[in-house]
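Chain A is already provided as a structure; the job is to place chain B on it using the hints.
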Amino acid sequence: MLERISLGQTRFSMPGVAPDARGIVLGKLGVLSFPSLDGVVSWLRLYSDEDGLDDLLPGTHILRARTPLGSRAFLLVIPAASSYILDRAARCARLAGGATYTGTSRHFVRYRDERSPYGYDVGDLGGPGPDMVLHGEDGSIAYARDGEVPIATVVFRLSLRRVPGAERLDAEGRALLYISVAAGLAYGLLRYLLRARVRAEVATVSPEDPSAFTAPGEPGEILLVRAHDVPERLLEALRGVPGVTLFRPASEHIAVEVGWAHPVALSSVASLFPRDRFYLFFGAADRLEIVRGPIAFSGADHLLPVKVNAPPPVSAAVSKEGLPPIEIPIRLIPTLSPPRRVVASLVDWSEAARLKQLVYVLPPPVLRGHEIALTDRGLLLLCREGVDVLPLGALLTEAAPGLLIPLGMDVTPRVPTEVLGAAIEHQLAARSAASASQARITVFPHDGAPFFVASSDFQPLERRALARIRVPPAASVAEPVAAGEPSTRIVNDAVGRFALWGFPKPPSE
Amino acid sequence: MTDLGQFLRTFVRPLVEGGDIHVGEPLELDTVLRWETELPGDGEAAMAIDDARAAAAAALVVKPPALTFEAEELRLCAALYDALVLAHPASEGFTKRRARRRLADTAARLATAGAPETRRELLSRHTLLARLYALHRIDVHVSWWTGRADYRGQAPPKRLLLWPSVRRVREERTEIPVTDVLAGEARASLLLLAAATPLTDALALGADNRPRFRWQGKRAILEDPDLARAVAYAWLPDLHADDALTVAGRAAAAFLEDWGKLPGAEARAVLAFFVHLMTIVALAEVGLPDLDAPSPVLAPALRDPDGGGALLCALPNAAARIEPALQAPPGVSADPRLLRRFRAHRLQVEKSVSAEKLRELALRLRTALRVLP
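First to last, the sequence lines map onto chains A and B.
Each residue of the first sequence is one higher than the one before, counting from 1 in our numbering.
Each residue of the second sequence is one higher than the one before, counting from 1 in our numbering.
Source of the hints: derived by calculation from the structure; they are not laboratory data.
A couple of the hints might just be wrong.
For each label pair, taking beta carbons as the anchor points, the in silico distance ranges come out as [as the list claims (entries may be wrong)]:
no.	chain 1	residue 1	chain 2	residue 2	range
1	A	SER487	B	GLY264	18 to 28 Å
2	B	HIS141	A	SER487	12 to 22 Å
3	B	PRO237	A	PRO338	20 to 30 Å
4	A	SER487	B	THR367	56 to 66 Å
5	B	ALA54	A	SER487	54 to 64 Å
6	B	PRO237	A	SER487	12 to 22 Å
7	A	HIS228	B	ALA325	19 to 29 Å
8	B	ASP180	A	PRO486	18 to 28 Å
In this text, a Cβ means the ideal position worked out from N, Cα and C, and glycines have one as well.
Isolated chain A, as found in the complex (with noise of 0.2 Å):
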């Protein structure tokens, strides 16, 4: 039968408890009862999400009791170090569907609850009984040790749960990651990360151990790569490629699969995970790879092939005299690269009037940007930066500065733009000889040789395409034309002489 305790309350029937300083009766355990072992899961997942395990994980143990008549129960015994560790344990374990006592060696008491808020004393203890009596308000129950489950053990074998959208990492969760690769994989990854400029770490680990399936003299590593700052891009192409596992790090030496998360706050039960090993927990896979620690990675990146020239290099001997010259002629050829951007048209002179009726249609904004140069091989038109070409004549686009070539074509060979520039010598008349330095704009045309442009030839569009305007004075009037506002006139019409003969009164309101 239990006895509500009063504040100040020293004397009590129960052994081994005493009040502490907010006069709350504590024993030096705690025992948090369950039916099950999933409500001490339960009761794990809860308490280690809101503070650490790590302090009463020495004294912690989970007992499988028995009583009397047969029901078994787990026994979660925890330091009872204060009452704040106790009270936010008596919260989780009601959470978790187990009930709270408190105690030192066999008797337990029920820790306190909202109706007794300093504890309970138990008025009749009983006669001497098995390992361990939990006086509740039912009664007493009296349980028998039936073994102990070691709370690593618990926390190994749980499953890790999925977390939707959890495999989208923000730039916090991508700045570390661990990829496991199948040995196959390996090369192929390590070139694709090393392509994309991430920093890369690998070590070759093999687990304690090893797969029951894995062959005698199999030797069942994998390749364990540290990626720094893995793009997102990345890490979608990487997702779901057999044989790769992304891995987030939850603490120094603990990895959990990208995407999954364990139950338990592995953080919060560091101290179960030994610093000399490496867990990578598996949340597709289900399982647990502990790697002999700790690992030592090296540098991806100079597991790259490097070739060597097998031949020695033959120094020739170089005559300037006697050689026919080598030249390579410039051509156009088709080409499938993506399109530059237009700068430029070549228009027949037969489509000038077309042109011309361009210049009537488009908006000013449209031609702003434009110049001509009339040249005998057609009007050559060129649009500034940021402005759409005329859609006329042969598009041109812009090979190198100064060197247009028709849309859907390039240069062969392909050479840089500067040999190509050097390579273009000017025909230059006697009378522009002198202005030999000025810009040029050359063009090869589909048919026919190149040619060039003075950029000075160049005009605006619309300057070249306006005619004399002959403007003629206009005549003043003496008369302003009326404009404005129309006048709002009162007019009075007729009405008779009586038209006010009986108006009412007005109602009263």
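Leaving out everything else, chain B in the frame of chain A:
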């Protein structure tokens, strides 16, 4: 008049769009009440009226509310109509004085409307009566060799104008503003209509012929940024003109007269509006090469220290004496050039208006704003 469609066509539509508004037989209150149930009456006229009002509202605010001709608008138009009937020549005469009094009572009853509270109400009444102060009547005085005749708002008969040289016919046309037309018994209706549409009253402050401007009932305008902006632009039409601050000065003078009659919060809002106007004046001059030079806009107004323009210029200076937060709108200090120009204006006012006058102004302002010393 008993036909609603005719009333809309011949009176309301020209009142809104501009043109000749025709005044004839008086409108009884019962007729107006009956018309309220017959609205919109002539659909074409009602649509044209709504379109004209929407166009007028669009000139003031970016997103004008939907305005439809409803019972309240009908009553205000009927009030104006009956007030104008009082000035009709057929309504004159000793024998009609009782009927005239009844007609004046009816017009006043119809013109009585509560102060508008919302933007829609303000715009609805303004777009209806925007031309109230532009209304005028053409009176014709015809004299001939044997006699003379006056025609008020009516065209003289053609027979009187025949053979002008032989009969020595002289025709004199005089434009009579609405304030003169609606004098005597109709005056009360005009004042009620002016009070019913405070936005019109404020925007038409520059009109030559209009009743005295009062600040009462203008709170809703100051609370609406778009409408307050429209009023500010109407009061500062051309800052290059010599009389740039004349219209706003009238409002400041009206503020001086209405001191003590406005609630403290309303008086504070009006004062803030004036300070804002002066900031606009300073803003218009931030492009000047010398930002510390005396302002050519303020100078003509400050020549008359007792005028409304000088009062307007002095209000920010007086406000600074009672509460620093009132001396400039928020954000002025963010623009160094504007702040410098605004300070140059205040310095110019300090030099032109005596310190005693500014102190007295601040004292009166403190009383008006209910600020405890």
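Right, here's what the structure says about each hint:
no.	hint	verdict
1	A/SER487 to B/GLY264: 18 to 28 Å	violated, 42 Å
2	B/HIS141 to A/SER487: 12 to 22 Å	holds, 20 Å
3	B/PRO237 to A/PRO338: 20 to 30 Å	violated, 59 Å
4	A/SER487 to B/THR367: 56 to 66 Å	violated, 44 Å
5	B/ALA54 to A/SER487: 54 to 64 Å	violated, 22 Å
6	B/PRO237 to A/SER487: 12 to 22 Å	holds, 20 Å
7	A/HIS228 to B/ALA325: 19 to 29 Å	violated, 55 Å
8	B/ASP180 to A/PRO486: 18 to 28 Å	holds, 21 Å
Checked against the numbered hints given earlier, the structure breaks hints 1, 3, 4, 5 and 7 and satisfies all the rest.
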